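> Each chain, written out:
There are 4 protein chains.
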Amino acid sequence: MTISVSAVRTTHWILTAQCPSRLGTVDVVTRFLREQGCYITEQQSFDDSSSCRFFIRTEFRPPEEGEFDAGAFEAAFAERAAPFSMAFELTSPERLTPVVIMVSKADHCLNDLLYRYRTGQLPVAIKAVVSNHPDLAPLAEWHGLPYHHLPISAETKAEQEAEVWRIVEDSGAELVILARYMQVLSSEMSERLAGRAINIHHSLLPGFKGAKPYHQAFEKGVKLVGATAHYINDDLDEGPIITQGVEPVTHADTAEDLVARGRDIECITLARAVTLHLQRRVFLNGSRTVVFQR
Amino acid sequence: MTISVSAVRTTHWILTAQCPSRLGTVDVVTRFLREQGCYITEQQSFDDSSSCRFFIRTEFRPPEEGEFDAGAFEAAFAERAAPFSMAFELTSPERLTPVVIMVSKADHCLNDLLYRYRTGQLPVAIKAVVSNHPDLAPLAEWHGLPYHHLPISAETKAEQEAEVWRIVEDSGAELVILARYMQVLSSEMSERLAGRAINIHHSLLPGFKGAKPYHQAFEKGVKLVGATAHYINDDLDEGPIITQGVEPVTHADTAEDLVARGRDIECITLARAVTLHLQRRVFLNGSRTVVFQR
Amino acid sequence: MTISVSAVRTTHWILTAQCPSRLGTVDVVTRFLREQGCYITEQQSFDDSSSCRFFIRTEFRPPEEGEFDAGAFEAAFAERAAPFSMAFELTSPERLTPVVIMVSKADHCLNDLLYRYRTGQLPVAIKAVVSNHPDLAPLAEWHGLPYHHLPISAETKAEQEAEVWRIVEDSGAELVILARYMQVLSSEMSERLAGRAINIHHSLLPGFKGAKPYHQAFEKGVKLVGATAHYINDDLDEGPIITQGVEPVTHADTAEDLVARGRDIECITLARAVTLHLQRRVFLNGSRTVVFQR
Amino acid sequence: MTISVSAVRTTHWILTAQCPSRLGTVDVVTRFLREQGCYITEQQSFDDSSSCRFFIRTEFRPPEEGEFDAGAFEAAFAERAAPFSMAFELTSPERLTPVVIMVSKADHCLNDLLYRYRTGQLPVAIKAVVSNHPDLAPLAEWHGLPYHHLPISAETKAEQEAEVWRIVEDSGAELVILARYMQVLSSEMSERLAGRAINIHHSLLPGFKGAKPYHQAFEKGVKLVGATAHYINDDLDEGPIITQGVEPVTHADTAEDLVARGRDIECITLARAVTLHLQRRVFLNGSRTVVFQR
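Residue numbers (this note's numbering), protein chains in the order written: chain A, 1 to 294; chain B, 1 to 294; chain C, 1 to 294; chain D, 1 to 294.
Calculated from the structure, these hints are not laboratory results. The structure displayed is predicted, hence computed values, not measured ones. All clues given are correct.
Derived coverage of chain B by chain A (criterion: at least 3 residues anywhere in the stretch with Cβ under 8 Å from a Cβ of chain A; other residues may be distant):
id: 1; stretch: 203–216
id: 2; stretch: 243–252
Which bits of chain B does chain C cover? Going by a derived footprint, with three or more residues having C-beta under 8 Å, they are:
id: 3; stretch: 23–30
id: 4; stretch: 41–52
All residues carry an ideal CB built from backbone N, CA and C; glycine is no exception.
Bound conformation, chain A alone (with noise of 0.2 Å):
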């Protein structure tokens, strides 16, 4: 199968930059830029003053003549950033971003992964496809991507996760993508993850944690349900929070139904929240995240 990369805009570049908030960020940033004759396409800044934390994500065009270089670029503007304590990235959007994706049982986060990815919707080079159950193989070979089988129990979880961290480190991933991974990481996982992992929980944080929310959510009598897309962290279903859906549910639904009606909730949080990441829109903020939207 060909996967086709849509370049849906013409060659730019995008620039993310955070630092402790003091006078000047925003200068030092578009400063430069203007002095490298970089073209601003679209620029958000956000100053955090309850965390005093910066936030800034460019857009720009480098300049029409000669070819640009990315890394004497990123030399340069490193001394800029430097006095401030800024740490930046500079990425290329047709860049395909090395992921591994991982799953257990249900298919449909994966199914609607793999659509976007395979339609060039989604800028990743998919490494690896996870999973604690063998279910999900064939859907995996269609997209000829490999598929590791790992099972895991109380007395094997080290093992497996020392197996998952392998996969992830031997294939320079650099997001791992928890489509209705139903395992709990643990705290060596989640720290080793920390700010590349993105978890999709099936309802509206903070409620229904653990396991079983669309059941919870039967017998609360709610009357909308959603899903949640947020960084893992340390405390399950804690994790700094991207992205959250909803869908109105009646007293007719059972929580099988919830559990049917949540799918495509489910979908939709999770690809928002993993292109959000791919765009370099979302930035951690303590327990929270900056989210540039477009």
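The hints should help you fit chains B, C and D onto chain A, whose structure is shown.
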């Protein structure tokens, strides 16, 4: 000021009923209506297999000839309903339900309800506005409504609630609307008002119960805030949910911004729940509700 | 690949009926069901005073003892229905409705429908996928479905439609799903498929009919885009609307971005409409529809 | 009645600017602010390649020491902006923008705006309420606002508009809010108010332009109704859209029901658009708008 009741429909009646699940519950209602020559314009029934309860709501037009005798109708139907242990209620949509509204300082929900009331969109007769603060008196007075300022403290709570109860009883109120009334009702009060007191909580329950839910939401970094209208019961913010509403928020919204943005959702959600209740579209079903939406 | 039908409920049946408005239409159905010892689990009826048409949908469980004889049921009910000129249909939710899906090049709706199909969420037997382009053959073939590539031009239209019709007839298809099939059906074809062909138009009708609705939307500068699922009729994009969905967009979205963002809404809206149709929740009511939502 | 302005933030300023696209437009703004010692709390910029226009909005805090001289700031920035043909505006969010509200008979939008006004949520100084009907005088008077009843007919239109214009001019109104004002403004009036008159149309434009959109929607059988807030221009209901809102409806909703349900959406949509405008988040971009949401 003239309060006009907008009679949207020609004269018709609403018959609601519920009972334990068993064969023949729908037929009990429809056969009787047919015999009475009543014309059914809309009907919804639901049999809950988990709670083994049956619910039905029927809108009908009485026979064209003669005068409809509601009392005779009820007496005759009672005989049919008895073998099914079927509780029922016959209501006229044009009847103005006596209500008492309870508020504290926040005025948005009261303002919204009074607007709907004075333009005839809410078929209520507002008997009194009760508050533990004096702030909203002008708004009530402009509508020509009695305003009872009943301050409350830990020591005076029992007396204050006794006074509230006296007002409710004396006025014949059939519904108490807690429109951002910020005091927690005692168990006794909650029990007395079971099934006929609707509260608006400014969060998507079960998330963020208790005080300052918007501040809790801000700390948590959610990307959606909302409101929940529910019947009061003994547990704080735990009563059967009638309806919920949501609003997206961003990292740029401070806690005060969330408070401001949430007002619209609270108004709409409470108004919807009250309207559904007045239209007899809501049935208590254990800790949940059955809602026959239009 | 194994296609599994998820039997969410115990065995039950769906009886739908419609006729000219008159007294006794609900009773005709419920009395008969009572006599037959059928247990009504859910029922909705609506009497449209503007079109003078009555609609009813009932879900019921057959008597526990004995085998349910659908044919006998229908014959007996036909006698009751006749004096009311009542058309009715008895359906089993477990029955797989034969369908034909028509596509062109865009694959998102087909991908979505086939996912729901293979996971047993859509009670259909897909007889064929028909397209005027060859692009989507691999997707159909992976699902083991016959794919008919039927190119079309102004000159060959009549023949192509004749071939489409042959496929529909021979397969016994009861529903044709136009999943972003971009050709306009002729009047004859539309008439033949009246009430049993659902199309997804990628705009909020009546806005932006015809070609390139996202480009029209971009030019107009709307802040919401959407999709409309409707039955095909003789007028382009004018058929009775079943359901609609929306998505907010911004100034930063180019026309291509709108196309991309609209895909999710199109998939969900079409799937919802098809599901409602299969559940017999949708009734044609002149140029409109009656939809008995769960 | 006391009108309180809720000062949510510490003192800060808003600088907006726009000009033809070219290199260096962001830097012009940010470098100047840096030199002035101004602290940027939030900034958004967008370069529209299709219209070749650049837009930027910056919120900043002035230097802590000394008094901020807005006039000097503007004079100095004008010199920097001139070579870019950059139009700009410096605004204080605490400043109350003088407005005139125009209404006819429907009072829901006026009621909603006046509530927000009297509770300090809308930073406006309402100079007058103008109507072609007398009905809404009591509401305006309770708020202590001048009410001008200016009847209109085909013959008196020019004179009536002249009087409206006089009120707008004399009051120094910078924004005219057409809150369900049902008369069509003449070309001359539209031109005079270009970019500073916001209208709420009770449909999702471009669908259902003109009169009785809810009745049109009912006839069409749509499953969503909505409202569109837009700037007035010469074409009826064609002005640049600021924001839109939707509400689901069903077959059971009559045209009058749609009217009733639409009120909430109209109020919220209009209030949102007015708020965005007052926050200087909206820019005219040809027939469209750029909206920098929070």
